[in-house]
Amino acid sequence: MNTAFEVFAGLLILVSGFLSMAAGFGIVRFPDVLTRLHAATKPQVLGLATVLLAIFVRNPTWGVASTAVLIMVFQLLTQPMTAHMLGRSAYRTLHVRRDLLIEDDLGRDIAAHADD
Amino acid sequence: MTFLQIVSIAAGAMFGIGALAAIWRIIRGPSILDRALATDVLLAIAMCGLGAEMAINRHTDTLVVLLVLAMFAVVGSISIARFMAKQDVS
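Chains as they are written, first to last, in our numbering: chain A, 3 to 118; chain B, 9 to 98.
Possibly wrong hints are sitting among the right ones.
Claimed, not checked - Okay, the calculated bits of chain B under chain A, using three or more residues with CB under 8 Å as the criterion:
no., stretch
1, 21-28
2, 34-42
3, 45-56
4, 63-75
Stated by the list, open to error - Computed from the model, here is a short list of chain A residues facing chain B with C-beta under 10 Å:
no., residue
5, Ala24
6, Arg31
7, Asp34
8, Arg60
9, Trp64
10, Leu72
11, Phe76
12, Thr80
13, Thr84
14, Ala92
15, Leu102
16, Leu103
17, Ile104
18, Arg110
19, Ile112
20, His115
If you're looking for bench data, these hints aren't it; they were derived computationally from the structure. Being a predicted model, the structure only gives us computed values, none of them experimental. Ideal Cβ placement from N, Cα and C applies to all residues, glycine included.
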């Protein structure tokens with residue numbers, strides 16, 4: 003029974019490590035800021051969620067559970083703000099590879115409201 | 009060698025590869041936005057590593073560190089992105 007929990011926590015930690023490695027590969031291999039932004043969010047959300055679940059599996063108390071939920075809530079509140087600001091700044095300062103975009107809604111809206 | 013020791017070696021190797029890739033992007037990154045993004049990734053990998061160490065060694069000493077990092081890690085990247093001017097394109 004105890005070893006089953008150990009195996010479960012170990013598998014969760016391996017998932018988190020794999021996501022961190024995937025984010026590292028993505029941030030090296032992808033061509034511009036927006037695509038790197040897509041790769042970078044993997045360990046920030048799902049990797050941290052699996053690791054927090056592993057901590058709770060190894061230390062099953064209410065204090066650990068509430069703190070883990072609080073950490074995840076703050077991470078889910080703040081990381082979209084960071085991604086939004088970085089993506090907006092990348093678009094406005096021309097760090098976007100236009101030839102890789104399939105659809106450019108923001109550019110169309112900016113062109114439509116250029117006179118305002 | 010128990011299962012969790014094998015897990016700690018494998019997960020440590022994978023965290024290390026991810027962190028080295030993020031550091032490489034911080035050094036090489038063509039723009040300051042790439043560097044801010046890679047710093048965020050490095051911080052997230054460090055948080056995952058701290059949590060994995062807590063889960064393997066079965067203690068909760070650094071759970072508060074994770075909470076503070078989750079609350080205040082947003083400040084650096086947002087200030088870089090917010091106050092980046094158009095002439096700082098390099």
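Cross-check of the supplied hints:
{"no.": "1", "hint": "21-28", "in the structure": "holds (count 7)"}
{"no.": "2", "hint": "34-42", "in the structure": "holds (count 3)"}
{"no.": "3", "hint": "45-56", "in the structure": "holds (count 8)"}
{"no.": "4", "hint": "63-75", "in the structure": "holds (count 9)"}
{"no.": "5", "hint": "Ala24", "in the structure": "8 Å, holds"}
{"no.": "6", "hint": "Arg31", "in the structure": "9 Å, holds"}
{"no.": "7", "hint": "Asp34", "in the structure": "9 Å, holds"}
{"no.": "8", "hint": "Arg60", "in the structure": "5 Å, holds"}
{"no.": "9", "hint": "Trp64", "in the structure": "12 Å, violated"}
{"no.": "10", "hint": "Leu72", "in the structure": "6 Å, holds"}
{"no.": "11", "hint": "Phe76", "in the structure": "4 Å, holds"}
{"no.": "12", "hint": "Thr80", "in the structure": "4 Å, holds"}
{"no.": "13", "hint": "Thr84", "in the structure": "5 Å, holds"}
{"no.": "14", "hint": "Ala92", "in the structure": "5 Å, holds"}
{"no.": "15", "hint": "Leu102", "in the structure": "15 Å, violated"}
{"no.": "16", "hint": "Leu103", "in the structure": "17 Å, violated"}
{"no.": "17", "hint": "Ile104", "in the structure": "21 Å, violated"}
{"no.": "18", "hint": "Arg110", "in the structure": "21 Å, violated"}
{"no.": "19", "hint": "Ile112", "in the structure": "14 Å, violated"}
{"no.": "20", "hint": "His115", "in the structure": "19 Å, violated"}
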